[in-house]
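Chemist: Working from the sequences, and respecting the hints, build out all of it.
Which chain is which? The protein sequence lines are S and Z, in order. Everything in the first sequence is counted per this note's numbering, starting at 1 for the first residue and increasing by one. Everything in the second sequence is counted per this note's numbering, starting at 1 for the first residue and increasing by one.
Hints are computed from structural coordinates only; laboratory data are not their basis. The beta carbon of each residue, even a glycine, is placed where N, CA and C say it ideally should be. Take these hints with a grain of salt, some might be off.
If we take Cβ atoms under 7 Å as the criterion, some of the chain Z residues that face chain S in the derived model are [unchecked claim]:
no.: 1; residue: 64
no.: 2; residue: 89
no.: 3; residue: 316
no.: 4; residue: 337
Here are the simulated SDA-like pairs of lysine to any residue, each with C-alpha atoms no more than 20 Å apart in a straight line [to be verified]:
no.: 5; chain 1: S; residue 1: 289; chain 2: Z; residue 2: 328
no.: 6; chain 1: S; residue 1: 575; chain 2: S; residue 2: 591
no.: 7; chain 1: Z; residue 1: 47; chain 2: S; residue 2: 470
no.: 8; chain 1: S; residue 1: 109; chain 2: S; residue 2: 591
no.: 9; chain 1: S; residue 1: 287; chain 2: Z; residue 2: 311
no.: 10; chain 1: Z; residue 1: 149; chain 2: Z; residue 2: 209
no.: 11; chain 1: S; residue 1: 102; chain 2: S; residue 2: 134
no.: 12; chain 1: S; residue 1: 287; chain 2: Z; residue 2: 330
no.: 13; chain 1: Z; residue 1: 322; chain 2: S; residue 2: 610
no.: 14; chain 1: S; residue 1: 266; chain 2: Z; residue 2: 317
no.: 15; chain 1: S; residue 1: 433; chain 2: Z; residue 2: 331
no.: 16; chain 1: S; residue 1: 109; chain 2: S; residue 2: 17
no.: 17; chain 1: Z; residue 1: 135; chain 2: Z; residue 2: 147
no.: 18; chain 1: S; residue 1: 287; chain 2: Z; residue 2: 336
no.: 19; chain 1: Z; residue 1: 37; chain 2: S; residue 2: 467
no.: 20; chain 1: S; residue 1: 289; chain 2: S; residue 2: 264
no.: 21; chain 1: S; residue 1: 102; chain 2: S; residue 2: 127
The chain contents come next:
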Amino acid sequence: MSAVDAETNGNFRTTEQVDAVVIRFCGDSGDGMQLVGTQFTNVSAVFGNDVSTLPDFPAEIRAPAGTLGGVSGYQLCFSSTDIYTPGDEVDTLVAMNPAALKTNLADLKRGGTLIVNADAFGKSDLSKAGYESNPLDDDDALAGYRVHKIDMTRLTRDAVADLGLSLKEADRCKNFFALGLVYWLYDRDPSTTQEWVKSKFAKRPELAQANLAALKAGSDIGYSTQAFTVHYKVPPAKLPPGKYRKITGNEAVAFGLVTAAHVSGKELFYAGYPITPASDILHELSKLKNFGVRTAQVEDEIAAITAAVGASFGGAFAVTASSGPGIALKSEGIGLGVITELPMVIVNVQRGGPSTGLPTKTEQADLLMSMFGRNGECPMPIVSCSTPGDAFDAAREAMRLAVEFMTPVFLLSDGYIANGAEPWKIPNLSDLKPIDFKHTREPNGKDGEYLPYLRNDRLVRPWAVPGTPGLEHRVGGLEKWDVTGNVSYDADNHQHMIDTRAKKVAGIADHIPEQPVEGPDSGELLVVSWGGTYGSIRTAVQRAQRAGHSVSLAHIRYLSPFPRNLGDLLKRFDKVLVPELNNGQLRFLLRAKYLVDAQGLNKMKGKPFLVSEVYDAILQHLGKA
Amino acid sequence: MSTSIDLPVLTPKDFASDQEVRWCPRCGDYSILAQVKKVLPTLGIPKENFVFVSGIGCSSRFPYYMNTYGMHSIHGRAPAIATGLKVVRPDLQVWVITGDGDALSIGGNHFMHMIRRNVNLKVILFNNQIYGLTKGQYSPTSPQGKRTKSTPYGSVDAPLTPVSVALGARASFVARSVDVDIQHLCMVLERAAHHKGTAVVEVYQDCNVFNSGAFDFASKKGEKEENCIYLEHGKPLIFGKARDKGVRLNSQNQPEIVELGKGISEDDLLFHDEKADDPTLAFLLSQMRYPDSPEPMGVFRAIDRPTYDDELNDQVRDVTEKLGPASLEAMLNSGDTWTVA
Numbered sequence: 001m002s003a004v005d006a007e008t009n010g011n012f013r014t015t016e017q018v019d020a021v022v023i024r025f026c027g028d029s030g031d032g033m034q035l036v037g038t039q040f041t042n043v044s045a046v047f048g049n050d051v052s053t054l055p056d057f058p059a060e061i062r063a064p065a066g067t068l069g070g071v072s073g074y075q076l077c078f079s080s081t082d083i084y085t086p087g088d089e090v091d092t093l094v095a096m097n098p099a100a101l102k103t104n105l106a107d108l109k110r111g112g113t114l115i116v117n118a119d120a121f122g123k124s125d126l127s128k129a130g131y132e133s134n135p136l137d138d139d140d141a142l143a144g145y146r147v148h149k150i151d152m153t154r155l156t157r158d159a160v161a162d163l164g165l166s167l168k169e170a171d172r173c174k175n176f177f178a179l180g181l182v183y184w185l186y187d188r189d190p191s192t193t194q195e196w197v198k199s200k201f202a203k204r205p206e207l208a209q210a211n212l213a214a215l216k217a218g219s220d221i222g223y224s225t226q227a228f229t230v231h232y233k234v235p236p237a238k239l240p241p242g243k244y245r246k247i248t249g250n251e252a253v254a255f256g257l258v259t260a261a262h263v264s265g266k267e268l269f270y271a272g273y274p275i276t277p278a279s280d281i282l283h284e285l286s287k288l289k290n291f292g293v294r295t296a297q298v299e300d301e302i303a304a305i306t307a308a309v310g311a312s313f314g315g316a317f318a319v320t321a322s323s324g325p326g327i328a329l330k331s332e333g334i335g336l337g338v339i340t341e342l343p344m345v346i347v348n349v350q351r352g353g354p355s356t357g358l359p360t361k362t363e364q365a366d367l368l369m370s371m372f373g374r375n376g377e378c379p380m381p382i383v384s385c386s387t388p389g390d391a392f393d394a395a396r397e398a399m400r401l402a403v404e405f406m407t408p409v410f411l412l413s414d415g416y417i418a419n420g421a422e423p424w425k426i427p428n429l430s431d432l433k434p435i436d437f438k439h440t441r442e443p444n445g446k447d448g449e450y451l452p453y454l455r456n457d458r459l460v461r462p463w464a465v466p467g468t469p470g471l472e473h474r475v476g477g478l479e480k481w482d483v484t485g486n487v488s489y490d491a492d493n494h495q496h497m498i499d500t501r502a503k504k505v506a507g508i509a510d511h512i513p514e515q516p517v518e519g520p521d522s523g524e525l526l527v528v529s530w531g532g533t534y535g536s537i538r539t540a541v542q543r544a545q546r547a548g549h550s551v552s553l554a555h556i557r558y559l560s561p562f563p564r565n566l567g568d569l570l571k572r573f574d575k576v577l578v579p580e581l582n583n584g585q586l587r588f589l590l591r592a593k594y595l596v597d598a599q600g601l602n603k604m605k606g607k608p609f610l611v612s613e614v615y616d617a618i619l620q621h622l623g624k625a
Numbered sequence: 001m002s003t004s005i006d007l008p009v010l011t012p013k014d015f016a017s018d019q020e021v022r023w024c025p026r027c028g029d030y031s032i033l034a035q036v037k038k039v040l041p042t043l044g045i046p047k048e049n050f051v052f053v054s055g056i057g058c059s060s061r062f063p064y065y066m067n068t069y070g071m072h073s074i075h076g077r078a079p080a081i082a083t084g085l086k087v088v089r090p091d092l093q094v095w096v097i098t099g100d101g102d103a104l105s106i107g108g109n110h111f112m113h114m115i116r117r118n119v120n121l122k123v124i125l126f127n128n129q130i131y132g133l134t135k136g137q138y139s140p141t142s143p144q145g146k147r148t149k150s151t152p153y154g155s156v157d158a159p160l161t162p163v164s165v166a167l168g169a170r171a172s173f174v175a176r177s178v179d180v181d182i183q184h185l186c187m188v189l190e191r192a193a194h195h196k197g198t199a200v201v202e203v204y205q206d207c208n209v210f211n212s213g214a215f216d217f218a219s220k221k222g223e224k225e226e227n228c229i230y231l232e233h234g235k236p237l238i239f240g241k242a243r244d245k246g247v248r249l250n251s252q253n254q255p256e257i258v259e260l261g262k263g264i265s266e267d268d269l270l271f272h273d274e275k276a277d278d279p280t281l282a283f284l285l286s287q288m289r290y291p292d293s294p295e296p297m298g299v300f301r302a303i304d305r306p307t308y309d310d311e312l313n314d315q316v317r318d319v320t321e322k323l324g325p326a327s328l329e330a331m332l333n334s335g336d337t338w339t340v341a
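Modeler: This is the structure in structure tokens:
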């Protein structure tokens, strides 16, 4: 659809209406790309588009400026329809320097728009990026794109010239120049960003003015330059009615945990140690002290998990969060939580591994660690998040299982969910139910004694807390006598306790929903997935379904125990495909438990699946490729 | 802690659990257990408000033998567990039971951070200079050259002095006593119980199986008076059976042993000030080690300093006052919102 706007100065511009656009801002890690990406996301979300984002930044805070290792990017998709991914191919790429161009150009689709800061293509910048000649002069290489070479640095300096800024300060505004230009290109209302700038720089009004001037200058360039012959409109999406906000996965985890505690009349205790990409959970919870949230940044990961054990013994809703390497350190403390049967949630925001691996990149390779990564027979429930907004529900569910079943619970998120953002329909408070629990206040034994390991029909032991008269008892890491909780080396008792703990966790399957399936519940191919790959895989499956193929999707939230109908579901399909950002961990579990010949689509590049990768694999497994 | 009006009168017996105590015969732990049971009933705290948290080691079986709440946890982590507990339950009196290996080797990190934060915890560090539970390896407090199963040719490690470590982390309360010195140990434990903040009590404890007699110098009658200086706040450092020797600072500000009389009076000696803001002198005392010099016993330092649990909970109250009571509605609706009709 296109229309011609009559512009007041006599220019005629074409406005093209499109359904979805993918933009990527990329530049040096000091260029403020995450900031402008977030601003564009906010403006689009407030406008009413569906949005999905993929921040991508280097692990180094400041790699040498202008080098390939220092490139920071922020990709977002905004759309007039429901979307689940930040998009496979980029429609508009904003590259602030040669290194950014070099590392990102391959993702720009043919015919896409390329906007570059031409001022940053000097000799030394080119050589830092490993270019022998200026790629902007290579018309053949750029022939497939709509290229706009703009002197952003010079134009930004001009725009802020009267404000008395240092050259360095002036140059730092060029990200807002780029943002203004893209706002013009996509017909965005900048007022949300303008308000943000004013409040952000309230104490430095000259910087606020400068950024606003740069934003306007960028927009003016779009308006006045003949080069931009088209600009685009993406109408609001038809999302379900309700009040919305933008939310990231880490925010949603924090909100979910606080909500679970608050509606249950409890306060949250959180202990953590900073680690990418989990730190924002600590940051968010630290702000929520008026909910009675006690946050402790402790000395290490081991202190974080054991402080959670102590707080849970004291009767608090206890949480710790980390990422893979930190979770590895917590293993012994988690085992203590399992044998003392105390409730707590352990959030693992997964990243590329092993060891320190790829700190800022996503992966989902800690599933087997969550299942088996402790000494002894040590079963634990595992709940996973599927999207940033879904993390709110997943976190509440993890806390429910922990408290109702007196056990540590893993909540698996990942770097993509943690930093990614999407519009989130704010839930109705009356829909948020309290967790069903009570602290034992009376003796439960025959002679007025307290039996800390006397179980109910769900095999759950009571939760009596210190300070309760008459219920004094000791727990600990050594094996317990059934019922009394005294230390025991008895052979049969050890077998019994191992069996009982396993049965308790397995029994959770009766208290979680059955596995839903998207599409028919039998057919040629069942795609099985979990975690943050949901968006890409769901989009690919829907595309295949629309093309008439016999494909369904089972996206698993409960990874331990599995939903009780999962085995039957798997057997109703000829083939099973399990796409994962690991080497086949869910596939391994499905094959082991259900003896199903599940096949894998596995990728470990620190990046989410592209829809096309999953779609191609589906066709291949259907024999239609 | 709570009003004392309705409190039943407690006795040491009330604190004995139904569990059989299983330490080696004549182990020093028995005495420490007995003194703790003696001190607790004097504190005016209901029995259910005590929690004992321990790590791993012979001493860490301690919570099983107390009829209070307790947790026998994992190696070295008792300070962190107790910190989490104390922060959410400031109404409880929480005791940490640990040993020289547990506190200073595998748990050295947590030990240090508990002290610098000044979490309101009572810590008993059982120091027998050996690993008893794992059957006789040297510990971080064993003297250099110590021959054990893992050091048949003598340990090459330099040892730590627990009191120095605690003072280095700015401990608000540090004391030392000996398992068999019943009255002294009771006095020190009682003072620790009343201290607000991390109270570290090092107890020299005899392991008669793997390291017998390591502390004879400080426990044998007739010898201990010559080998130890019993610290008292505001009093000069005097020792010896005849109380004829003392400690003063020389011109290099180092402690030197002097005989009283012969022109040296009490006024020339170093006076103990456990309340000094500056921990330098206390540290200097902690570095006096037998057999090079007599060893100080008693309270090295007892100062007032805000506790971590108070500060954290005060902050929660202050922020709540400032921001107003929690509203999920406000939290979920924070930031930019929009409505889809």
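Chemist: Taking the hints in turn, state whether each one holds.
Modeler: Hints, one by one, checked against the model:
Of the supplied interface hints, the one on residue 64 of chain Z holds, with its beta-carbon coming within about 6 Å of a beta-carbon of chain S, less than 7 Å. Evaluation of the residue 89 of chain Z hint against chain S yields a held restraint, the C-beta minimum of about 4 Å falling below 7 Å. For residue 316 of chain Z, the suggested interface contact is upheld, since its CB lies about 5 Å from the closest CB of chain S, less than 7 Å. Because the smallest distance between the Cβ of residue 337 of chain Z and any Cβ of chain S comes to about 5 Å, under 7 Å, the interface hint for this residue holds.
Restraint check for residue 289 of chain S and residue 328 of chain Z: satisfied, since their Cα atoms lie roughly 13 Å apart, inside the 20 Å limit. A hinted pair counts as satisfied when its Cα atoms are at most 20 Å apart, and residue 575 of chain S with residue 591 of chain S qualifies at roughly 12 Å. Under the criterion of a C-alpha separation no larger than 20 Å, the hint pairing residue 47 of chain Z with residue 470 of chain S is consistent with the structure, at around 9 Å. Between residue 109 of chain S and residue 591 of chain S, the direct Cα distance comes to roughly 39 Å. Violation of the 20 Å bound is thereby established for this hinted pair.
Simply put, residue 287 of chain S and residue 311 of chain Z have alpha-carbon atoms about 16 Å apart, close enough for the 20 Å limit, and the pair holds. Of the supplied pair hints, the one linking residue 149 of chain Z and residue 209 of chain Z holds, its CA atoms being roughly 13 Å apart against a limit of 20 Å. Straight-line distance between C-alpha atoms of residue 102 of chain S and residue 134 of chain S comes to about 11 Å, which keeps the hinted pair within the 20 Å bound. The suggested pairing of residue 287 of chain S with residue 330 of chain Z holds, with an alpha-carbon distance near 13 Å, which does not exceed 20 Å.
Under the criterion of a C-alpha separation no larger than 20 Å, the hint pairing residue 322 of chain Z with residue 610 of chain S is inconsistent with the structure, at around 47 Å. At most 20 Å may separate the alpha-carbon atoms for a hinted pair to count; residue 266 of chain S and residue 317 of chain Z meet this at roughly 16 Å. Restraint check for residue 433 of chain S and residue 331 of chain Z: the C-alpha separation of about 17 Å stays at or below 20 Å, so the hint holds. With a C-alpha separation of about 18 Å, the suggested pairing of residue 109 of chain S with residue 17 of chain S holds against the 20 Å cut-off.
Between the alpha carbons of residue 135 of chain Z and residue 147 of chain Z the distance comes to roughly 13 Å, so the proposed pair stays at or under 20 Å and holds. With a C-alpha separation of about 18 Å, the suggested pairing of residue 287 of chain S with residue 336 of chain Z holds against the 20 Å cut-off. At roughly 18 Å between alpha-carbon atoms, residue 37 of chain Z and residue 467 of chain S fall within 20 Å of each other, so this suggested pair holds. Of the supplied pair hints, the one linking residue 289 of chain S and residue 264 of chain S holds, its CA atoms being roughly 17 Å apart against a limit of 20 Å.
Of the pairs offered as hints, the one joining residue 102 of chain S and residue 127 of chain S holds, with about 12 Å between alpha carbons and a cut-off of 20 Å not exceeded.
When each numbered hint is compared with the structure, violations occur for hints 8, 13.
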